[in-house]
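K.L.:
From first to last, the protein sequence lines are chains A and B. Each residue of the first sequence is one higher than the one before, starting from 4 at the first, in our numbering. Each residue of the second sequence is one higher than the one before, starting from 4 at the first, in our numbering.
No lab work stands behind these hints, which were simulated from the structure alone. Treat the hints with care, since some could be wrong.
No copy labels: a pair is met if it fits in one copy or bridges any two.
[Claimed, not checked] Taking lysine to aspartate or glutamate and the EDC-like style, the derived pairs with C-alpha atoms no more than 20 Å apart in a straight line are:
| id | residue 1 | residue 2 |
| --- | --- | --- |
| 1 | K330 | E312 |
| 2 | K443 | E163 |
| 3 | K203 | E264 |
| 4 | K443 | E337 |
There are 2 protein chains.
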Amino acid sequence: MANKPAPTDALDYAIPSTVPTHWYNLTADFPEPVAPHLNPETREPLKPEELYPLFSKALVEQEFSTERWIEIPQAVREVYANWRPSPLFRARRLERRLGTKAKIYYKYEGVSPAGSHKPNSAIAQAYFNAIEGTTKLTTETGAGQWGASLAMACAMFGLECEVFQVRSSYDSKPYRRMQMEAYGGTCHSSPTDITEAGRKIREEDPDTTGSLGMAISEAVEVAVHSENTHYSLGSVLNHVMLHQTVIGLEAIEQLKKAGEEQADVVFGCAGGGSNLAGLAFPFIGENLREGKTTRIVACEPSACPSMTEGEFRYDFGDVAGLTPLLKMYTLGHEFVPPSIHAGGLRFHGMSPMVSHAKHLGLLDSIAVGEHETFAAGLEFARAEGIIPAPESTHAVAGALNYVKSGQAKDGEVIVIGLSGNGVLDLPAYEKELELERQEKLDQ
Amino acid sequence: MANKPAPTDALDYAIPSTVPTHWYNLTADFPEPVAPHLNPETREPLKPEELYPLFSKALVEQEFSTERWIEIPQAVREVYANWRPSPLFRARRLERRLGTKAKIYYKYEGVSPAGSHKPNSAIAQAYFNAIEGTTKLTTETGAGQWGASLAMACAMFGLECEVFQVRSSYDSKPYRRMQMEAYGGTCHSSPTDITEAGRKIREEDPDTTGSLGMAISEAVEVAVHSENTHYSLGSVLNHVMLHQTVIGLEAIEQLKKAGEEQADVVFGCAGGGSNLAGLAFPFIGENLREGKTTRIVACEPSACPSMTEGEFRYDFGDVAGLTPLLKMYTLGHEFVPPSIHAGGLRFHGMSPMVSHAKHLGLLDSIAVGEHETFAAGLEFARAEGIIPAPESTHAVAGALNYVKSGQAKDGEVIVIGLSGNGVLDLPAYEKELELERQEKLDQ
Numbered sequence: 004m005a006n007k008p009a010p011t012d013a014l015d016y017a018i019p020s021t022v023p024t025h026w027y028n029l030t031a032d033f034p035e036p037v038a039p040h041l042n043p044e045t046r047e048p049l050k051p052e053e054l055y056p057l058f059s060k061a062l063v064e065q066e067f068s069t070e071r072w073i074e075i076p077q078a079v080r081e082v083y084a085n086w087r088p089s090p091l092f093r094a095r096r097l098e099r100r101l102g103t104k105a106k107i108y109y110k111y112e113g114v115s116p117a118g119s120h121k122p123n124s125a126i127a128q129a130y131f132n133a134i135e136g137t138t139k140l141t142t143e144t145g146a147g148q149w150g151a152s153l154a155m156a157c158a159m160f161g162l163e164c165e166v167f168q169v170r171s172s173y174d175s176k177p178y179r180r181m182q183m184e185a186y187g188g189t190c191h192s193s194p195t196d197i198t199e200a201g202r203k204i205r206e207e208d209p210d211t212t213g214s215l216g217m218a219i220s221e222a223v224e225v226a227v228h229s230e231n232t233h234y235s236l237g238s239v240l241n242h243v244m245l246h247q248t249v250i251g252l253e254a255i256e257q258l259k260k261a262g263e264e265q266a267d268v269v270f271g272c273a274g275g276g277s278n279l280a281g282l283a284f285p286f287i288g289e290n291l292r293e294g295k296t297t298r299i300v301a302c303e304p305s306a307c308p309s310m311t312e313g314e315f316r317y318d319f320g321d322v323a324g325l326t327p328l329l330k331m332y333t334l335g336h337e338f339v340p341p342s343i344h345a346g347g348l349r350f351h352g353m354s355p356m357v358s359h360a361k362h363l364g365l366l367d368s369i370a371v372g373e374h375e376t377f378a379a380g381l382e383f384a385r386a387e388g389i390i391p392a393p394e395s396t397h398a399v400a401g402a403l404n405y406v407k408s409g410q411a412k413d414g415e416v417i418v419i420g421l422s423g424n425g426v427l428d429l430p431a432y433e434k435e436l437e438l439e440r441q442e443k444l445d446q
Numbered sequence: 004m005a006n007k008p009a010p011t012d013a014l015d016y017a018i019p020s021t022v023p024t025h026w027y028n029l030t031a032d033f034p035e036p037v038a039p040h041l042n043p044e045t046r047e048p049l050k051p052e053e054l055y056p057l058f059s060k061a062l063v064e065q066e067f068s069t070e071r072w073i074e075i076p077q078a079v080r081e082v083y084a085n086w087r088p089s090p091l092f093r094a095r096r097l098e099r100r101l102g103t104k105a106k107i108y109y110k111y112e113g114v115s116p117a118g119s120h121k122p123n124s125a126i127a128q129a130y131f132n133a134i135e136g137t138t139k140l141t142t143e144t145g146a147g148q149w150g151a152s153l154a155m156a157c158a159m160f161g162l163e164c165e166v167f168q169v170r171s172s173y174d175s176k177p178y179r180r181m182q183m184e185a186y187g188g189t190c191h192s193s194p195t196d197i198t199e200a201g202r203k204i205r206e207e208d209p210d211t212t213g214s215l216g217m218a219i220s221e222a223v224e225v226a227v228h229s230e231n232t233h234y235s236l237g238s239v240l241n242h243v244m245l246h247q248t249v250i251g252l253e254a255i256e257q258l259k260k261a262g263e264e265q266a267d268v269v270f271g272c273a274g275g276g277s278n279l280a281g282l283a284f285p286f287i288g289e290n291l292r293e294g295k296t297t298r299i300v301a302c303e304p305s306a307c308p309s310m311t312e313g314e315f316r317y318d319f320g321d322v323a324g325l326t327p328l329l330k331m332y333t334l335g336h337e338f339v340p341p342s343i344h345a346g347g348l349r350f351h352g353m354s355p356m357v358s359h360a361k362h363l364g365l366l367d368s369i370a371v372g373e374h375e376t377f378a379a380g381l382e383f384a385r386a387e388g389i390i391p392a393p394e395s396t397h398a399v400a401g402a403l404n405y406v407k408s409g410q411a412k413d414g415e416v417i418v419i420g421l422s423g424n425g426v427l428d429l430p431a432y433e434k435e436l437e438l439e440r441q442e443k444l445d446q
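Work out the full structure, taking the sequences as your base and the hints as a guide.
P.N.:
Written out as structure tokens, the structure reads:
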């Protein structure tokens, strides 16, 4: 299908909603093809069938697809309709506080039941696995948004769910484990002693705070060695980027409804790349196909700046070297990021599609320090009422800095990708709140 | 204004929304007038001016108003538009799990930035105080939804906010304090030693778990003795019921859009009464004015069943006897409810308007046990994806029991009031999750 299909209002729900009917695949519009994933042993381009032990066939097909528009199954759209289209807000109170004449919008994914954008892919992955006969999914999670989202999706489609959560987050954010359990899922503190990969890591470094790379190794191992069990990844891979594009597709429609011809600059946070891609790829597609000039800025934590300071080369997605080789910006698969609060951004690499877009100059990246992000998060919360997730504060900080430093022109349209709310990550704000109390005392 | 004004789409936001333009005041339609609040010393009906030390004049006017429709200021509607109209969902997956042919809808207030219905009144109260020159609001809070909501509202309208949180909730739910602080508010564990009322209670019972009644005494005391400071109540009073009616007004419109002539039965949770009133009063109004036959069922905790087992008489709203005397269903103002998880329902009394409606036979009430509520909450979460707040699980349990016991007819329209999400109350589910684990082991 060459042109984007018109949205329909066909959903049989109480509230009419225009949930996109198709996901958008940027692969169809890249001026140069994305480098293929490689078999880690042969270094040959990976064949679809090599991924069947890990992923459902439909998802593998999406991973390799060059089709521009891929239909969203009705069963997935029906679940999406519980929170989609997610709201696009004009941040008028924030604009007034900043005294800017730029127009600041934010696309808010925190209205999903799990509190972030992650269910956009979790629902799709659970659905495609369920119809192919999978009975259980394993996965890794950092801060817990992905694990909770997959547990929710599995509950809806009758699958078991086993989650390996990065130890530092497991210990500091106990509510996420409870959230996964409330959805009927199982949650382990990774590295565990129930996998070979986990035991090996623990022998070498018993006090490790864990990492997404380690947790991926564990989840992959369990999936490969269990019956009717597949692995599920919440970011990085092409099919995950694809599922997230509902964010940007809606945002473009919503901006039109608000009378904006285009967004001038879009700020998104970037860890594995899924929120950024979901928001930005449809805008990049319009830049490529229609000559629009929306600038994309990926905001990374300065503690883990894979695009801003990494190398663009083939690397593993996990620590143990079990995954295919992916062409991406990477800090090296053995890099263990410091234990920052934005657990979802603690990944050594970056989605190959996002990396490719950066390499081609289709997006920029910046790195933001932790203090700056939480200060921006509090400023945003007090103006708009929404406490951003630690990951989302990176996009907020990028936008606030852009406005405060005088780079934003009058009337310019700025879009912030607010990937989730921070209610389950409130302890992350404690240090910033303590700084505020100290400042008051010092006055 | 005799007839309900048509909604307009006048909001200058990105997403067109039909936020109600007026609140609905059931006082105008009660077949007999509500008994007046009494001055606790003279036992004479309270005069508006006697409330001025505590509340803004506009709010006092609303407290005594007999107008049917009261206009919502544009500044309030603009904030409402960030999450209103809140979604009304058809619970199709839950229906399938239950195997029922009844139609189950739920009106979901958990999409508000604070996660519950409470901002509907907090925003209005902060606004009316701000325009009259108040610089600070004090309040009490149970589980913390109200305190967080008022802190958010105060941040938006430039007011200070000081919250007295019931000790049992303060200790068991630390995230709520952080949430209030993230919005710039102050949160105390009540009873404190900074008020006379608090010190007296602590002398008598140093190990008290606190109660809403005690916290009210403290917040009122601080408001009365501070400059430009007013008190703010999150439930019970008439003007709070009024603000919450946006819930039911929207639900009626949404049901119409879904093709339903009327709701057959509405289940709401009831503590102080604000969520129940907000959802139910517009339906009761249509029953009274248009001869509709929607049945309302208030679901109370069996540990604090003020309407189901209390007396209908004048009583104080707080423990220290500082508030006006209110005609209501009450367990006695010295009743200290057990430390149940649904902190928002731990109130000895009930809104006078809700009590009056019950007394006139315009609504029913039932009491639900704690185990039943959390089991219902988990069942709901796994079907619909939303983890209900502990308070909301009472309404869910009421509805599930109605369906499972065969009382629901085919095609019957059931509406559940889902007052909020339970993400910040996840520890409340731990006991139920432990029971589940035990059951699996026993099999």
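K.L.:
Compare the structure with each hint and give your call.
P.N.:
Results for each hint:
1. In this assembly of identical chains, the alpha carbons of K330 and E312 lie at most 20 Å apart only when taken from the same copy (15 Å versus 68 Å across copies).
2. Proximity of K443 to E163 under the C-alpha cut-off of 20 Å is restricted to the inter-copy arrangement: shortest distance 14 Å between copies versus 50 Å within a copy.
3. Neither within a single protomer nor between protomers do K203 and E264 lie at most 20 Å apart by alpha-carbon distance, with minima of 54 Å and 64 Å respectively.
4. With identical chains, the CA atoms of K443 and E337 are never at most 20 Å apart, being 42 Å at best within one copy and 39 Å at best between copies.
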